[in-house]
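Undergrad: Letter by letter, the chains look like this.
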Amino acid sequence: MSLVVRLRSVVCLLGRFPALAGADLDVEAGEIVLVAGPNGAGKTTLLRLLAGLLPPYSGAVEVLGVDLAEDRISARRRIALVGHETHCYDDLTARENIQFFARAAGRAADDVDRVLDTVALAEAADVVHRGLSAGQRRRLALAVALVRSPDLLLLDEPHAGLDATGRDVLAGVIRDAPAAGRTVVMVSHELEIARPLATREIRVVGGLIHPVTESVPHS
Amino acid sequence: MSEHPERTANIWREAALVAGKDLRIEARARVAVGQILPFGLIVILLFAFALDPDRGVLARVAPGLFWVAVLLAMLLAVGRAFAIETHHGARDGLRMTGLDGGAIFLGKAAAIAVQLALLEIVLGMGVIVLYGVDVHGIGVVLLTAAAATIGLAATGTLYGVLAAGLRMRETLLPLLLLPVIAPVMLGATRAFEDGLDGVPGDAWPWVGMLGVFAVIYTTIGVMAFGALWEEAA
Amino acid sequence: MSDGNDQTTVRDELLAPVVRKVVGVTAAISLVALALFGLWGAPPDAVQGDAQRVMYLHVPSAWLAYLAFFVTAASSALFLWKRTRAEVWDRLAGASAELGVMFTALALVLGSIWGRPVWGFWWAWDARLVSTALLFFLFLGYCALRRVPAADPVGAAKRNAIAALIAFVDVPIVHFSVEWWRTLHQKATVFSPELNPQIHGVMALTLWIGTIAFTLLYVYLLDRRYRLAVLEEGHAERELEHAIAERVGAGRSVVA
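Keeping their order, the protein sequence lines are chains U, S and C. Residue numbers for the first sequence follow this note's numbering, beginning at 7 and rising by one. Residue numbers for the second sequence follow this note's numbering, beginning at 1415 and rising by one. Residue numbers for the third sequence follow this note's numbering, beginning at 21 and rising by one.
Keep in mind that the hints were calculated from the coordinates and are not lab data. Don't take every hint at face value.
Interface residues of chain S toward chain U, partial, derived using beta-carbon atoms under 7 Å [unchecked claim]: (1) 1444; (2) 1462; (3) 1464; (4) 1500.
Distance ranges between label pairs, derived from CB positions [said to hold, decoys possible]: (5) S:1633 to C:167: 21 to 31 Å; (6) S:1465 to C:68: 28 to 38 Å; (7) U:44 to S:1453: 19 to 29 Å; (8) U:66 to C:253: 49 to 59 Å; (9) S:1633 to C:90: 20 to 30 Å; (10) C:90 to S:1582: 47 to 57 Å; (11) U:174 to S:1459: 52 to 62 Å.
Just so it is clear, CB atoms sit at the ideal spot from N, CA and C, and this is done for glycine as well.
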């Protein structure tokens, strides 16, 4: 199986602070990796690094076969990051936001409708982002990522702010990922909910990555 | 691995996508129409307070005042164009799309240019009415405005992204931008002087200069925007 | 970058200490020579009298302003071009820009001081003065940009370099359009005492001494400012290495 992510002794800076201080990681295609750890450990930094949004200060970073120290930008088209923010525009409707990202990724119009159904936003499709509830916004963020059909899906605390519908949607998306040829790396504090969904768990502490040795049950 | 459809990385198509997004947001939010335009009109009105309207001064300085008002409005428009990208992490979303930096530049600049053009039409009518100006060469006036607007939009977008990620952007943007567009102010005002109450034929060299400026800064923008966009944290 | 250490030790100083000392001494000597010639050796101007002596300072200042800007732009270009990218160019660009602000301000103030007795007012819309004023603001903006604290030092350096080049492209456009503006709208006699008339003999010599003196001064100050930048960066980098070591150490002890 090919390596989707390969990190070796990666140091990543936020300003002058080394958020990641020598991280190592291998992720194979089709894995669902749960990233746990205390606040401020570097989990969000790790995701932003994998998304190609943050340059590495030192060390080797290879994502989807691309060396991110050389070229962060070309890999992004195949990666989606669902972060704390929705990445959407307040004055555009849910549908229009998804359409923008779909068109940017060269996706077709019916992909938009399909994704709206997947995240259960079909009814609220014509509500502007500003008027959506917090739970709806989280689902929209997921939709905007999914419509691009990414090979690597990065989720930063996806369970935060999700309502019951959202949790089902999220579980479905994660469960269907390997079949869709998608690898998932998910940061979560809600370990009870997230553990059953993951194939593997790692802990980030003090800017370093540690594997969690006890076996993690598959869903 | 999942299927990826053919992506014709067509810079024009991508620019149109970005421009369309920005203009649609403006159509909904109506910031340019509802806030920036009235601001421009107030500025023109206030100039009349500063300069005695009864002594025929206004008509003579109308070209300069018009362009100063446009300049001030442009600062707001550029600020707004990049402000929408700061909410909800939109900038990260846009980065993740992998859209070409040059395309994003052209799209944003085009949207700003459209808004400026509408602004200029209204402010222009305001100036004609309030300051009592004659239009001798409408062709010259329109071409001047077109060239100047493109130059302003291109430079504004370029410096807008430069200042975008910075903490002091509201105050840094004017300081960076205004000296650079001084030639546009100069050329547009001179051309308007000739086109409004003077001899329209004299304006053509200035229009030429404005055109050159627009071409230079649009080219620089397409080349440099991508790198600057990345660094804007 | 951690692999830039070789570059840093080679470029800790802009000039070798011997060269710097020679430049410094020569600058001092030529400044003294300038003072002697300017205040005493050169004759007073036929039309402007002793007020013209300010020119011996103003003209070199203006020349240095443009030289400094050129150095900033050239360094920025060298920094951006991948094959020549090195920290030295970024530091040089910043150092030269700060000196440029100083010389431009000096040129403006001296031009104004000259103008008062000669024209009768503190300012005139002469093409040269207006262009210099805009140059001043272009420089100032660039220096203000450099001062903004940056999250990503390499990215900030690239941004600054691009900003310098964008501004530099504008300089000829500004120069040309302002020149054109003032010649088309020439207001006769009040502007005729030119800032740069034809001069010969001792006066020309004095001007040359002034130009050389100021250029040497610029080079000397550039070296010193560069050194200051190196010291600042070295300090910041040591703090960073320390922070990394601390964090790695803390991380290891948690696992153990």
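Undergrad: Where does the structure disagree with the numbered hints, that is, which hint numbers, in rising order?
TA: 1, 2, 3, 4, 7, 8 and 10
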